[in-house]
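Colleague: Letter by letter, the chains look like this.
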Amino acid sequence: MSLYEAGAVTGVGETKYLRGTDRSALSFQLEASLNAIRDAGLKPSDIDGLIPYGHGAVAEDFITNFGIEDLRFSATTPMGGASAVAAIQCALAVIQAGICKHVLISLGRTGYSGGRIGTRVQQMPQFKVIGEFEMPLGAIAPAQLYAPMARRHMELYGTTSRQLAEIAVTTRYHASLQSNATMKNPITIEDHQSSRMISDPLRLLDCSLESDGGAAVVISAPDRARDLAKRPVMVMGVAEGHPDSPSAITQRPDLTTLGLAKAAPKAFAMAGVTPADIDVAEVYDCFTYIVMCQLEDLGFCKKGEGGGFVQDGALGLNGRLPVNTHGGLLSQAHMAGMNHIVELARQLRGEADAQVPDAEIGLVTGYGDMGDGALAIMRRG
Amino acid sequence: MDGYDKLVPTPTPDTQPYWDGLRDGRLRLQRCADCGKVRHYPRPVCDSCWSMNVDWMDAAGRGTVHSWTITHYAFHPGFKGELPYILLTVDLPEGVRMNARARGIDASALRIGLPVKIAFDPVKDDLTLPVFEPT
Ligand SMILES: [Zn+2]
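Protein chains in written order, with my numbering: chain Y, 45 to 425; chain U, 12 to 146.
Where hints are given, some of them may not hold.
[As the list claims (entries may be wrong)] The following label-pair restraints were derived from C-beta to C-beta distances:
#, chain 1, residue 1, chain 2, residue 2, range
1, U, K128, Y, R63, 24 to 34 Å
2, U, K135, Y, G158, 28 to 38 Å
3, Y, L248, U, A118, 11 to 21 Å
4, Y, D402, U, C60, 47 to 57 Å
5, U, R54, Y, D402, 45 to 55 Å
6, U, D136, Y, P309, 50 to 60 Å
7, U, M63, Y, D402, 49 to 59 Å
8, Y, A119, U, R54, 22 to 32 Å
9, Y, K347, U, N64, 29 to 39 Å
It is worth saying that the hints were derived from the structure and are not from the lab.
Each residue gets a CB set at the ideal place from its N, CA and C atoms; glycine is no exception.
Let the hints inform the model, and build the full structure from the sequences given.
Modeller: Structure representation (structure tokens):
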């Protein structure tokens, strides 16, 4: 038994993405959720399963605000930025088990106006190991904790900062085409190279944004999906993967491999497709390097060849693999990858702001904490 | 208060011997009392044989650079006065890695395999941090 096409994305929703707000994270999460539910043509009280992003709204908030009378399932998938895509696997499992018909996956945050991402890390339980052994040394924020992975890749394979810059430049261009993005002024490779160093080799323009807003998707049972408002987007394959030494990158046998490397073969096998079949990829982009590393772990190129793969506009709308067509966390907004799922569904419906012509099959990844990964492969329904 | 304004560890009964060792000028690592596998960071169970019997050993105190980052931005105000600083990921001959700041190592000398040796930096009365120096 497999989760192949055990569910479909039937609704997607976002708030306006902002850098600066006086609203609560809860109000963003509920607004995005209402937008996703309406997009599907459902009523809020039709939702019978909830997998909210951790550290935000809980089941009680949805039951109270939406008047849900018979909620049948609620859970979280605590994998940081991989949580949203991992939640798709969880949703499909409870749908296939007959527990739920419509599962809401949602996130709201005030990452710009409230607690900053860089400082929030210190309080999270999955970071207690580095909190004790690395943070007192001054290795505190994700940029510092991830930089040694990028440095190792550069030293072993000759990967360059200019290659990472290609990812930032292409992603910013895609954001410039969006109706809802916070950073829309195009940048050049030289802009990237002159942006200030944060934690070598990662420069400011290698880093994602801190944003305010919310995003949400509804996953429905296939027999219900066909009767809803929009063309369904079928989930063909999904998996999560946990890296070796998940609580400390320092101790990971291979610093250049992420948890996604374990998820990718499972999800592609479930979907019955290969990387060559993918028309569009929304790849978690907390840092440029993490995009490049995931493209290798997904199998688009061999380990060590990611720098060459992303060069010369390869990730653009007309490139060999259009990536992060919405502008991603680097330039649209940091919605912990929920916006990547929203964008993939829009691409496969044919309603994206920067549409890849004839996109039929696409993928979305999540990356979180110290290297957790998740992958979902979808097709136009 | 002693004026130390950086992040400090909160040791547990599982990890306290490591911190006590640093304070005594020793780099101590956990070793499984049953199968002998060395592990770091300290934790209750051997992932090789699942024994909970623990020995502590003194490490040789030498290693080679596996990777690094040079931090130019203070993510905590306590580190502002030390920018830029080098954080090394180091392979120890005991088979584990550790993370520590570099002291007296020039950024231009950094490469995979660079030999380093451990030193001890008593930053406050009850806290000593490890640092790596040139051999
Ligand atoms: Zn053992």
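Colleague: Would you say the C-beta atoms of D402/Y and C60/U sit inside 47 to 57 Å of each other?
Modeller: 55 Å, holds
Colleague: Is the gap between the beta carbons of K135/U and G158/Y within 28 to 38 Å?
Modeller: The hinted range 28 to 38 Å holds for K135/U and G158/Y, with Cβ atoms some 32 Å apart.
Colleague: Determine whether the Cβ-Cβ distance between D136/U and P309/Y falls within the hinted range of 50 to 60 Å.
Modeller: 52 Å, holds
Colleague: For K347/Y and N64/U, compare the CB-CB distance with the range 29 to 39 Å and indicate the outcome.
Modeller: Since K347/Y and N64/U have Cβ atoms about 38 Å apart, the given range 29 to 39 Å holds.
Colleague: M63/U and D402/Y, beta-carbon distance inside 49 to 59 Å?
Modeller: The hinted range 49 to 59 Å holds for M63/U and D402/Y, with Cβ atoms some 58 Å apart.
Colleague: If you check the beta carbons of R54/U and D402/Y, does the distance land in 45 to 55 Å?
Modeller: Because 51 Å falls inside the window, the suggested range holds.
Colleague: How does the Cβ-Cβ distance of L248/Y and A118/U compare with 11 to 21 Å: does it lie in that range?
Modeller: Distance hint for L248/Y, A118/U holds at roughly 19 Å.
Colleague: Given the range 22 to 32 Å, decide if the beta-carbon distance of A119/Y to R54/U lies inside it.
Modeller: 27 Å, holds
Colleague: The hint says 24 to 34 Å between K128/U and R63/Y; measuring C-beta to C-beta, is that right?
Modeller: 46 Å, violated
Checked against the numbered hints above, the structure violates only hint 1.
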